[in-house]
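Chain C is already provided as a structure; the job is to place chain Y on it using the hints.
In case you want the letters, here they are:
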Amino acid sequence: KAGVTQTPRYLIKTRGQQVTLSCSPISGHRSVSWYQQTPGQGLQFLFEYFSETQRNKGNFPGRFSGRQFSNSRSEMNVSTLELGDSALYLCASSLLGTSNQPQHFGDGTRLSIL
Amino acid sequence: DAKTTQPPSMDCAEGRAANLPCNHSTISGNEYVYWYRQIHSQGPQYIIHGLKNNETNEMASLIITEDRKSSTLILPHATLRDTAVYYCIVRVAGTSYGKLTFGQGTILTVHP
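Heads up: the sequence lines are chains C and Y, in that order. First residue of the first sequence: 2, per the working numbering; consecutive thereafter. First residue of the second sequence: -2, per the working numbering; consecutive thereafter.
Because the hints were derived from the structure by calculation, they are not lab data. Just to be clear, a hint being listed does not mean it is correct.
As the list claims (entries may be wrong) - From the derived model, a few chain C residues whose C-beta atoms are all more than 10 angstroms from chain Y:
hint: 1; residue: Pro9
hint: 2; residue: Phe61
hint: 3; residue: Phe65
hint: 4; residue: Leu112
To be verified - Pair ranges (Cβ atoms, derived):
hint: 5; chain 1: Y; residue 1: Gly91; chain 2: C; residue 2: Asn60; range: 16 to 22 angstroms
hint: 6; chain 1: Y; residue 1: Asn20; chain 2: C; residue 2: Arg16; range: 37 to 43 angstroms
hint: 7; chain 1: C; residue 1: Thr81; chain 2: Y; residue 2: Glu11; range: 45 to 51 angstroms
hint: 8; chain 1: C; residue 1: Asn60; chain 2: Y; residue 2: Ile71; range: 32 to 38 angstroms
Quantities reported herein were computed from a predicted structural model and do not represent experimental measurements. Quick reminder that beta carbons are idealized off the backbone N, C-alpha and C, glycines included.
Excised from the complex, chain C in its bound form:
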């Protein structure tokens, strides 16, 4: 069974640009969550999608957004990039996103802002 796939693995952007990251969940999983990992802040929850609807959201500015498609694939977008957005962005999927079901992570997209 294929795991969570994130593309691209590496990305370099400049300040002010925008970026779109993609996540394909494990087959049959309908919940997709996104996380940001930085050396200073650690792993932080961005948002979660289920059935194309955002159900939960972390404390990030509106520049960070996402969406989910009918096949459960998800994208996240960051607009007006800042230097502080340099991070490893991780996607995780689970069957329904409830607390009794484990999430499985991809290996992330490493975003560098110049």
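Quick look at chain Y alone, frame taken from chain C:
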């Protein structure tokens, strides 16, 4: 979310059991304990989770105390590939969909 406390680092000899403790004294009755690990440059890997009873799978065993205020992750025969950051997470039930709150974790170093 219930706060967890883990030692910042631990060492273990290859082939020996690694016992990683976690304190979660404010855990509520319907909150699950999860363990993940992260090897450098990879995404976190799910290891095991439990509510009240001890759990075992092909990777590890999870021992939860009767009062649920602490737990121990046991890797029965540690290998060099088990060197990683280990995170103990208490997962809130209810409407906190898809959210895991990561702390600083324990850096486990397995020595030859």
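Hint by hint, here is what the structure shows:
1. With a least CB separation of 15 angstroms from chain Y, proline 9(C) remains clear of the 10 angstroms interface cut-off, as annotated.
2. Every beta carbon of chain Y lies more than 10 angstroms from that of phenylalanine 61(C), the smallest distance being close to 13 angstroms; the non-interface claim holds.
3. The beta carbon of phenylalanine 65(C) sits about 15 angstroms from the closest Cβ of chain Y, which is more than 10 angstroms, so the claim that it is off the interface holds.
4. Distance to chain Y confirms leucine 112(C) as a non-interface residue, since its nearest Cβ pair spans about 14 angstroms, more than 10 angstroms.
5. The hinted window of 16 to 22 angstroms between glycine 91(Y) and asparagine 60(C) holds, with their beta carbons roughly 19 angstroms apart.
6. Between asparagine 20(Y) and arginine 16(C) the beta carbon distance is about 42 angstroms. The supplied range of 37 to 43 angstroms therefore holds.
7. Distance hint check: the CB atoms of threonine 81(C) and glutamate 11(Y) are about 48 angstroms apart, consistent with the given range 45 to 51 angstroms.
8. Hint check: asparagine 60(C) to isoleucine 71(Y), Cβ distance near 35 angstroms, so the stated range 32 to 38 angstroms holds.
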